[in-house]
Amino acid sequence: MEQLLRSLIDSDIFVYTVMAALPLLWILPYALFAVWLERKVSAHMQDRLGPMRVGGWHGWAQTIADILKLIQKEDIVPAAADKRLHFLAPFIVFVGSYAAYAAIPFSSAFIGSGINIGLFYIIAVSALVTVGILMAGWSSNNKWSLFGAMRSAAQIVSYEIPSTLALLTVVMLAGTLNLQEINRLQAGGLTNWFIFRKFPFVAIAFVISFVASLAETNRTPFDIPEAESELVAGYHTEYSGMKFALFFLAEYANMFAVSAISATLFLGGWRSPLKKLMSGPVWGAFWFISKGMFFVFVQMWLRWTLPRLRVDQLMYVSWKVLTPWAFACIFGVGLWMVL
Amino acid sequence: MTPQEISDKLKAKFGDDILEVKIEGVIQPFVKISPGRIGDAAVFLRDDPDLQFDYLMCLSGVDYTKGILGVVYHIFSMPKRHTVILKAEVPADKPEIPSVTFVWPSANWHEREAYDLIGIVFKDHPDLRRILLPDDYPGHPLRKDFKVPEFYQGMKVPYD
Amino acid sequence: MLKYFTDIFRSVWSVLIGMKVTFRHLFTPAVTIQYPDVKLKLPERARNRLYVNMDDCIGCFQCDMACPVDCFKIETVKGLPTEDLGMTSTGQKKRLWVPVFDIDIAKCCYCGLCVYPCPTECIKMTDVYEFSETNRHHLIYNYATMTPAEAAEVRRRAAEHEKEQAAKKAAAATAVKKTPPGSPPVPPAPGSSAPPAPGAPTPPTEPPRA
Amino acid sequence: MIETQTAPIKTSTGRVLRPEEMVLNMGPQHPSTHGVLRLELVVDGEIVVDVIPHIGYLHRCFEKHAEHMTNYQQVIPYCDRMDYLASMNMDWAYALAVEKLLGLQVPDRVEYIRVIMAELQRIASHLIALGTYGLDVGAFTPFLFCFRDREGILDLFENTCGARLLYNYIWVGGLSHDLPSGFIDKARAFCRYFRPNIKELNDLLTYNEIFIKRTANVGVLPAEAAIAYGCSGPMLRGSGVDWDLRRDDPYSIYKKFQWQPQIGRGEMGTTGDCWDRYMVRVREMEQSLDIIEQALGGIPPGDVQSAVPRRIRPNAGDVYVRSESPRGEIGFYVISDGSATPYRVKARSPAFVNLSVCPEICKGYMIADVVAIVGSIDIVLGEVDR
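Quick note, the sequences are listed as chains A, B, C and D, same order. So in our numbering, spot 299 of the first sequence is number 299, and the numbers just go up one at a time. Convert by adding 1000 to the 1-based position in the second sequence; the result is the number in our numbering. Convert by adding 2000 to the 1-based position in the third sequence; the result is the number in our numbering. Convert by adding 3000 to the 1-based position in the fourth sequence; the result is the number in our numbering.
No lab work stands behind these hints: they were computed from the structure. Hints may be right or wrong, so weigh each one.
[Claimed, not checked] Part of the chain B face toward chain D, derived, beta carbon under 8 Å:
hint	residue
1	I1018
2	L1019
3	L1056
4	C1058
5	I1068
6	V1072
7	H1074
8	R1081
9	F1102
10	P1105
11	N1108
12	D1136
13	H1140
[Unchecked claim] Partner residues aside, some chain B positions facing chain D, computed with beta carbon under 10 Å:
hint	residue
14	I1023
15	E1024
16	V1026
17	I1027
18	D1054
19	G1061
20	T1083
21	S1106
22	A1107
23	L1117
24	R1130
25	F1151
26	Y1152
27	Q1153
28	M1155
[Stated by the list, open to error] Taking lysine to aspartate or glutamate pairs in the EDC-like style, the calculated list, with each CA pair at most 16 Å apart, reads:
hint	chain 1	residue 1	chain 2	residue 2
29	B	K1123	B	E1096
30	A	K143	D	E3040
31	C	K2020	D	E3200
We treat Cβ as the ideally placed atom computed from N, Cα and C, and that holds for glycine.
Model the full assembly from the supplied sequences, consistent with the hints where possible.
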């Protein structure tokens, strides 16, 4: 991808801006589709129909209508709010989840920047979301938002540990942090994916990393920062118009980023499950997106099934359940590799 | 125990403070007691081994006009499954009556409502505030002689 | 220690059961309907908007008395004996003009208490429920079928008739003082009996449901 | 650091706050207070130190209205609006009180139909209680399942009396309409349709471990405190007190049916916690289904309006009659002075009394639990404020 662009115009600035903007090409349509999908999935799970009227068949244009509405909505900033922080917070939250796309390999041909510490970079940069949420909570000058922000800070930070440990098991197996490399190691069809090697441990690590990723994107059963029934809407109560849309976009982008990482590490990112069949660069992108979308669907499925945990139970699950089991998996994989 | 036995026990204990006992001629027999002794009567009713009135069903304030306000206690006993109805009358110009919240905590809100709507003051009630109406509402609406104020906080009250 | 493991197992198991239930509902048909395009047929006894058939109304105020929120404003004028006010469908002779019959449907609580006491069954609750208005005063329905001019004319005649009666009574009373009782009363002046031209019906008239 | 000495912050009842405490107003516009209830929480971090409920935002002077009606029958539409989720039970309680005042005997057919309607209303009201309780705890889907099932009941009511929520169906001495044709088969069809759905609700919410963690051992109300505070209905039975007005202070014909009051046994935690109150409501729905099916079988023929008096003019006297509404003991204390207008109607509403326990059982829990506890008390502000 980089050679292709350099052959067009040979200036660094042009190439790198285009490379940085390429994931946007995927995130924006994906977000439009994901919001619509969530509303339809939740509707049909609850014996409803969901959006049916905007744009013909099953209301496909509903999200576009929403975006247009949000764009022209008045952007209300609370009088006593800390103006600068209030303005900056949504952008930092979006940057936090968008920056992760730099190191995610969409297919064998396309990767933002194939740095050799890809996974480490992704985990580090997605912690930026916490800063954004804290800024949003504090600057809204609203007790409820402050509660939401405090809870989400505690939640995201304490769930990074089990998620990192779970990903560590795969890194031990793969021996490298470079996601493109990890993908190459999982060649040769379904049986060669990491999830099936060293059977029980990596599978448990997969479940732990998926549950921890739920907490990181504030999705049910860990959607405590924006608990509708307690904190009204948590940290983004005082946001409206385009800033609220940005929060929404950031949440869906984060959802896909997290499921993309799980797919890449455990289920052979752009590797096709059928050995040699359908495994070109374009097919790679297809497989990668379908795995990602499957995990996004599972996150939605959980959202419309489970109630919400309380904050102290959330901490209990993170420290007392997920972290010890993650250590056990690392220990198991390590022992298995040594023997 | 039948209402007759209950009222006899009460008469034995409180003597002439029991102003009137009506068993026949009314749908539900009641005992009228002088307002000063309500507190002791409540303690007696709850603690007496064969009365055990532990469940205050309903405490209602009534305006009997001609300057008399009344409080009616409907009390029930869970273990014994029997009921007693106590009535007490207080003059409208000095509507003071001891509170029974320390005997039956359920009376707390009932008394606050009686104070709020009828204006009966319950002495040593934990926090006697208006419960249903705004704190600065003029007067007590359930009194028979209550005139709806023309304006409340600048808003016209009766509208066509 | 055992409790720790059973806790985890039970959590995972109950989460999976819950997911099974919602997944099964992904394929069950939806129960909701698309309202403006598809409208539910209300049952026969549905109680929504009031409808008064003014031809049968004899101005007896039964509905006004039965209404708990008194949203009726009815005015009746005594018809002169010479005037012919027409018959109700149930065969009673109408003796009162009803120039004003207003119902404030915004105040109405749709309890239906006014329907039962009506002797001529002329007030009924239809199943029309889409009658929202932008201005609250439009919700005051006036069902009277008499134009204001006619109403004024009827009131004038009734008042005039009233004065005559009063004058006659006064005259008769003074006559009794001057002459002994038993002298015949003066015959009533003949009222001009112009039959009331039916005015344009202002209220929404529904054909009574079959 | 300059020590800024500000005046000590006080709550509305004059309690001085310690420096680390904060006053948090939950309500009156709040998604989970089930109406316009304002809870003034004194909060130390997440832990709730004190709760001061403020009610009265939905006060519509029911008792003042009742004193200005021209006859006893006109108060019934006002009773509907007291507990708008269980209006059948409200009408029935008021009708029972006035019938006792008049010494009126109601024909058997009316008794049977009243029992069926009240039990259907109990299921509809419990469905809302359980659905919104799922929302409070964070599960969206059960709420919509409960409302989907409730539609079946509302259709039955609409066919019978024409209204879906506020019926004015049970009159003093009888009913406003007789049953429409085909009502009995439709009601039986509803019972058959609804029974498996209760099991589905259990799978989805009741035995879900996260739901159990959120509700077991939360808001524990011991039996003695429940009785002392005058609680009733699922609130009292949840605390293990075997007390149900339909059996222990029997009115109407509940004696003719075989059914068993449901009591909280502390299966998932201590007796009297939120889960028990929730479970009592779920089991009561099944029990109401049994009662309805038994009652549907035995409806005698007859005229439902035969005992409705033309003019109600009870002789002077007062009466307090109570009956079992879905939220507990709804009692009407009616005083009549011989005229056609009631002299005083005092409504003892169960949610008003159950809510007075709220400060007791919310102390020491977290904010998320206060939402769960208030949801388990199942309050309707129309009834609390009257």
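Sort out whether E3040(D) lies within 16 Å of K143(A), counting only the CA atoms.
Measuring from Cα to Cα gives roughly 13 Å; hence the hint holds.
Restraint status (C-alpha distance of K2020(C) to E3200(D) at most 16 Å)
With Cα atoms ~10 Å apart, K2020(C) and E3200(D) stay inside 16 Å; holds.
Interface restraint verdict for A1107(B) against chain D (beta-carbon cut-off 10 Å):
Given a least distance of 8 Å, the restraint on A1107(B) holds.
Given C1058(B) was flagged as interface, is its beta-carbon under 8 Å from a beta-carbon of chain D?
Since chain D brings a Cβ to about 4 Å from C1058(B), closer than 8 Å, the hint holds.
Satisfaction of the G1061(B) interface hint, Cβ to chain D closer than 10 Å
holds, 8 Å
Is the hint on R1130(B) kept, meaning its closest Cβ partner in chain D is under 10 Å away?
holds, 8 Å
Distance restraint between K1123(B) and E1096(B), which requires alpha-carbon spacing of 16 Å or less
Given that 16 Å is the threshold and the Cα spacing comes to 7 Å, the pair holds.
Please verify that hint: M1155(B), Cβ, nearest Cβ of chain D, below 10 Å or not.
M1155(B) check fails; min Cβ-Cβ to chain D is 16 Å, beyond 10 Å.
Interface hint check: L1117(B), Cβ to nearest Cβ on chain D, cutoff 10 Å. Holds or violated?
Result: holds, 7 Å to nearest chain D Cβ.
Given Y1152(B) was flagged as interface, is its beta-carbon under 10 Å from a beta-carbon of chain D?
violated, 13 Å
Please verify that hint: D1054(B), Cβ, nearest Cβ of chain D, below 10 Å or not.
holds, 5 Å
Per the CB criterion, is V1072(B) less than 8 Å away from chain D?
holds, 7 Å
Checked against the numbered hints above, the structure breaks hints 1, 2, 5, 9, 12, 13, 14, 15, 25, 26, 27, 28 and satisfies the rest.
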